[in-house]
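S.K.: Residue numbers (the numbering used here), protein chains in the order written: chain A, 13 to 471; chain B, 88 to 167.
Just so you know, these hints were derived from the structure itself, not from any lab.
Warning: the hint list may mix true and false statements.
Said to hold, decoys possible - Covered, in the sense of this in silico footprint (three residues per stretch, anywhere, with C-beta under 8 Å from a C-beta of chain B), are these stretches of chain A:
hint, stretch
1, 324–332
2, 350–360
Claimed, not checked - Just the calculated beta-carbon pair ranges, DEER-fashion:
hint, chain 1, residue 1, chain 2, residue 2, range
3, B, Glu120, A, Lys199, 47 to 57 Å
4, A, Ala189, B, Asp160, 32 to 42 Å
5, B, Thr124, A, Asp334, 55 to 65 Å
6, A, Val180, B, Pro158, 34 to 44 Å
Just so it is clear, CB atoms sit at the ideal spot from N, CA and C, and this is done for glycine as well.
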Amino acid sequence: MKKIFIANRGEIAVRIVRAAHSLGIKTVQAVSDADRNMLAARLADETINIGPARATKSYLNTDAIIKAAVASGCDAVHPGYGFLSENASFADAVAAAGLIFIGPDARIIRLMGDKIAARLCAEAAGLPLLPGSGGAIDAEKATEIARAIGFPIMIKAAAGGGGRGIRVVERPEDLGAQIALASNEAKAAFGDGKVYIERFVDSARHIEVQILGDGKNVVHLFERDCSIQRRRQKVWEEAPAASLTASLRDQICTAAVELAKSVSYRGAGTIEFLYDESERLFYFLEMNTRVQVEHPVTEMITGIDIVREMIQIADDKMLSFDQDEVRVVGHAIECRINAEDPDNQFAPNPGKISDLHVPGGFGVRFDGAIYQGYDMPLHYDSLLGKLIVWGEDRNAALGRLRQALGEMEIAGIKTTMPLHRRLAKDASVENLHFDINWLERWLSETSQAPRKVEVGADF
Amino acid sequence: MAKIVISSSVPGVFYRRPSPEADEFAKEGDKLEAGTTVAVVEVMKSFQAIVADQTCHFVRYLVEDDEMVMPGDPICELEA
Numbered sequence: 013m014k015k016i017f018i019a020n021r022g023e024i025a026v027r028i029v030r031a032a033h034s035l036g037i038k039t040v041q042a043v044s045d046a047d048r049n050m051l052a053a054r055l056a057d058e059t060i061n062i063g064p065a066r067a068t069k070s071y072l073n074t075d076a077i078i079k080a081a082v083a084s085g086c087d088a089v090h091p092g093y094g095f096l097s098e099n100a101s102f103a104d105a106v107a108a109a110g111l112i113f114i115g116p117d118a119r120i121i122r123l124m125g126d127k128i129a130a131r132l133c134a135e136a137a138g139l140p141l142l143p144g145s146g147g148a149i150d151a152e153k154a155t156e157i158a159r160a161i162g163f164p165i166m167i168k169a170a171a172g173g174g175g176r177g178i179r180v181v182e183r184p185e186d187l188g189a190q191i192a193l194a195s196n197e198a199k200a201a202f203g204d205g206k207v208y209i210e211r212f213v214d215s216a217r218h219i220e221v222q223i224l225g226d227g228k229n230v231v232h233l234f235e236r237d238c239s240i241q242r243r244r245q246k247v248w249e250e251a252p253a254a255s256l257t258a259s260l261r262d263q264i265c266t267a268a269v270e271l272a273k274s275v276s277y278r279g280a281g282t283i284e285f286l287y288d289e290s291e292r293l294f295y296f297l298e299m300n301t302r303v304q305v306e307h308p309v310t311e312m313i314t315g316i317d318i319v320r321e322m323i324q325i326a327d328d329k330m331l332s333f334d335q336d337e338v339r340v341v342g343h344a345i346e347c348r349i350n351a352e353d354p355d356n357q358f359a360p361n362p363g364k365i366s367d368l369h370v371p372g373g374f375g376v377r378f379d380g381a382i383y384q385g386y387d388m389p390l391h392y393d394s395l396l397g398k399l400i401v402w403g404e405d406r407n408a409a410l411g412r413l414r415q416a417l418g419e420m421e422i423a424g425i426k427t428t429m430p431l432h433r434r435l436a437k438d439a440s441v442e443n444l445h446f447d448i449n450w451l452e453r454w455l456s457e458t459s460q461a462p463r464k465v466e467v468g469a470d471f
Numbered sequence: 088m089a090k091i092v093i094s095s096s097v098p099g100v101f102y103r104r105p106s107p108e109a110d111e112f113a114k115e116g117d118k119l120e121a122g123t124t125v126a127v128v129e130v131m132k133s134f135q136a137i138v139a140d141q142t143c144h145f146v147r148y149l150v151e152d153d154e155m156v157m158p159g160d161p162i163c164e165l166e167a
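Full structure from sequences and hints, please.
M.R.: Okay, structure coming up:
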């Protein structure tokens with residue numbers, strides 16, 4: 013592999029440029045009209061315009077991307093996360109153009125993208141599932157199954173995932189209408205109206221396992237706890253999951269490897285689970301066939317550069333280590349710093365960064381998309397960057413995080429840093445007293461209820 | 088009858104309708120209660136609702152669908 017085309021933007025594009033250059037591979041950065049000055053464009057060897065600001069006409073435009081990748085003489089395409097990263101037709105188109113897609117085969121993306129098919133695949137590999145419909149259902153069948161598993165239940169879209177296309181139904185009499193609504197919504201949002209149901213777990217953690225596969229071997233890089241979420245979007249992530257016992261850690265990581273092995277997985281992937289702490293049971297949720305936003309916490313505790321591994325695997329290299337060589341050292345925490353105002357219902361705050369100071373020192377890392385004078389565009393998601401800290405244990409990591417957040421400065425726009433400063437000092441966070449609903453409750457207790465209408469981000 | 092002009096509080100892409108296939112949020116003569124959504128502005132992948140702040144009648148939109156707006160740009164005219 014000699015030259016990678018980066019079909020993404022923001023901080024992940026910067027991350028990919030850095031990984032490629034560290035391997036001596038050249039980079040071509042795709043840019044929309046709104047992104048000519050973004051950091052990845054400054055760092056890449058070349059840039060090429062792929063269209064207007066609107067994502068559907070640029071970063072989601074398969075034809076424009078393939079044309080640009082071929083014209084710029086690239087031999088591989090890295091899709092990042094979001095945009096076309098889990099679009100099987102895009103992976104097919106990359107391969108058809110004679111280029112390497114840095115990710116798993118289109119067949120696997122398609123399989124795991126259909127959440128019903130993925131559920132069946134996980135079941136066949138012996139993974140525990142929440143009681144549910146097992147397949148696509150209509151209102152009549154849903155009523156029968158829901159009666160058996162008990163309310164509340166969740167309706168999920170087969171083409172959803174990442175927290176999108178989910179409805180919680182509390183009462184049996186609402187089920188029929190909610191199924192119809194969910195199906196219509198899924199049809200409109202994803203072009204596929206298939207829905208299924210699962211038992212609703214009230215208090216659970218979101219735990220996910222990072223895996224790497226080369227087509228023959230699969231290893232896990234242990235797990236992350238991503239329970240601190242707002243509107244089903246992750247806000248704060250940690251590795252390892254401090255609430256797991258050694259035996260549960262072993263079970264959940266082994267389960268993830270079993271699933272990846274059953275499909276001869278090639279690339280980096282994440283298997284997501286719900287963990288019911290009171291019952292000490294975990295359930296398969298879904299598999300993401302791409303790099304995750306929160307991959308750095310895993311890198312910090314294992315010393316493995318996940319993006320570099322993705323590139324090597326796509327370049328037909330075998331994994332250079334086996335499971336016994338993957339060790340966890342210490343604890344890592346990541347804060348997603350978004351251009352949103354936490355004191356005003358998380359209103360988006362695009363605009364110019366007038367001043368920037370990024371903390372440094374031992375165990376502190378910032379994976380960002382910003383620089384002083386950068387004008388954060390309003391067309392894309394609000395992620396400015398990720399502050400990641402490492403410590404020899406969780407308390408040391410928290411201490412380092414408080415210090416780093418205190419030092420960090422982003423001026424000119426409102427950011428979620430004040431929220432992270434509060435979280436880093438919060439007793440519930442310190443004592444691991446949180447589940448996937450905790451942050452929303454904490455926010456509503458400490459501020460006014462949000463009023464804004466929102467659609468989910470796509471990663 | 089007093090004329091009221093509503094402005095966008097955020098920069099973004101202005102939409103007169105909740106989804107591409109749907110009807111416009113309001114048409115001339117519609118009676119609106121306080122809190123009724125008259126438009127949405129898309130910014131950083133989230134949709135900010137623009138609402139009528141009092142009981143009124145809808146007169147007209149001042150911005151085309153799918154156009155960029157900046158904070159303070161007038162987006163529709165109402166009558167109270």
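S.K.: What are the numbers of the hints that this structure violates, sorted from low to high?
M.R.: Hints 1, 3 are the ones this structure does not satisfy, whereas the remaining hints hold.
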